[in-house]
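Q: From just these sequences and the hints, can you work out the full model?
The listed protein sequences correspond, in order, to chains A and B. Position one of the first sequence corresponds to residue 22 (this note's numbering), numbered consecutively onward. Position one of the second sequence corresponds to residue 78 (this note's numbering), numbered consecutively onward.
One or more of the hints may lead you astray.
[Stated by the list, open to error] Which chain A residues face chain B? A few, computed with CB under 7 Å, are given here:
no., residue
1, 63
2, 64
3, 111
4, 121
5, 122
6, 125
7, 126
8, 127
9, 128
[To be verified] Chain B is faced by these chain A residues, among others (derived, beta-carbon under 10 Å):
no., residue
10, 25
11, 30
12, 46
13, 50
14, 112
15, 113
16, 123
[Claimed, not checked] In the DMTMM-like style, the derived pairs of lysine to aspartate or glutamate whose C-alpha atoms are separated by at most 20 Å in a straight line are:
no., chain 1, residue 1, chain 2, residue 2
17, B, 90, B, 152
18, A, 70, B, 181
19, A, 79, B, 181
20, A, 79, A, 109
21, B, 103, B, 181
22, B, 90, B, 139
To be clear, the hints were calculated from the coordinates, so they are not data collected in a lab. On a predicted model such as this, the values are computed, not experimentally measured, just so you know. Using N, Cα and C, we set each Cβ at its ideal position, and we do this for glycine too.
Chain by chain, the residues:
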Amino acid sequence: AQSVTQLGSHVSVSEGALVLLRCNYSSSVPPYLFWYVQYPNQGLQLLLKYTTGATLVKGINGFEAEFKKSETSFHLTKPSAHMSDAAEYFCAVTRSGSARQLTFGSGTQLTVLP
Amino acid sequence: DAGVTQSPTHLIKTRGQQVTLRCSPKSGHDTVSWYQQALGQGPQFIFQYYEEEERQRGNFPDRFSGHQFPNYSSELNVNALLLGDSALYLCASRPDRGPGWNTEAFFGQGTRLTVV
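A: Below you can see the structure in the form of structure tokens.
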């Protein structure tokens, strides 16, 4: 079974500051890992994903995440926050090679202060 | 390409009633999954349909059932509604094979169900 823990249900940063959203996973098999963003009253949009290969993955809107197996982590970062980044962010995991059921974390609400 | 479309966008039902939610997958996608997202929580997997059959199911009671049609569109049915069924219901689609089969799921905007 897989599970995801997102540390910090709410994160506030100033515009232009570093964004760091934390995600730790548990999986008995090699995982596939994802970050999704959800704007108010909308569905989920994929930001980036890790499947195999390079452990540092780059996504849309300047976000990136690094898969660290030894730490079972997949933290999301962005060097400089924009007001438009304010949203809820979800980390998700699934089994490698058979990505049927996504298991999501409880989400982190990002607020960007002017 | 319209992407994943869901209807209706909002719905209000009374306890004990039955509801049907609809989903049209992204063009080229034949696999549809349904998720329930309660307020302040992450989405939880309900079930997945492929070739008109339920292929995988999460930890939801039998009151939750589904269907997939030959054109790959899908319905989620919930019987005997409870107040706790109030949530955003998300549909996700992906291809069963070919590029992206095992990675990317595309989500619809969701249906906001309120049970009163």
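Q: Grab the minimum C-beta distance from residue 126/A to chain B and call the hint holds if it beats 7 Å, violated otherwise.
A: holds (5 Å)
Q: Against the 20 Å threshold, does the CA-CA distance of residue 90/B and residue 139/B hold or violate the hint?
A: holds (19 Å)
Q: Once the shortest beta carbon distance from residue 121/A to chain B is found, is it less than 7 Å?
A: This hint holds: residue 121/A lies near chain B, its Cβ roughly 5 Å from the closest one there, short of 7 Å.
Q: Residue 90/B and residue 152/B: Cα distance at most 20 Å?
A: Answer holds: residue 90/B to residue 152/B is near 17 Å, not above 20 Å.
Q: When the nearest CB of chain B is found for residue 63/A, is that gap smaller than 7 Å?
A: holds (6 Å)
Q: Does residue 64/A pass the interface check with chain B, least Cβ-Cβ distance below 7 Å?
A: With a closest approach of 4 Å, the residue 64/A hint holds.
Q: Does the structure keep residue 79/A and residue 109/A at a Cα separation of 20 Å or less?
A: holds (19 Å)
Q: Report holds or violated for the interface hint on residue 113/A, using the least CB-CB distance to chain B and a cut-off of 10 Å.
A: holds (8 Å)
Q: Is residue 79/A within 20 Å of residue 181/B, Cα to Cα?
A: Answer holds: residue 79/A to residue 181/B is near 15 Å, not above 20 Å.
Q: Does residue 128/A meet its interface restraint, that is, does its C-beta lie within less than 7 Å of any C-beta in chain B?
A: Holds, about 5 Å.
Q: Against chain B, is residue 50/A within 10 Å by beta-carbon distance?
A: This hint is violated: residue 50/A lies away from chain B, its Cβ roughly 13 Å from the closest one there, beyond 10 Å.
Q: Given residue 127/A as an interface hint, is the shortest Cβ-Cβ distance to chain B below 7 Å?
A: holds (5 Å)
Of the numbered hints listed earlier, those contradicted by the structure are 12, 13.
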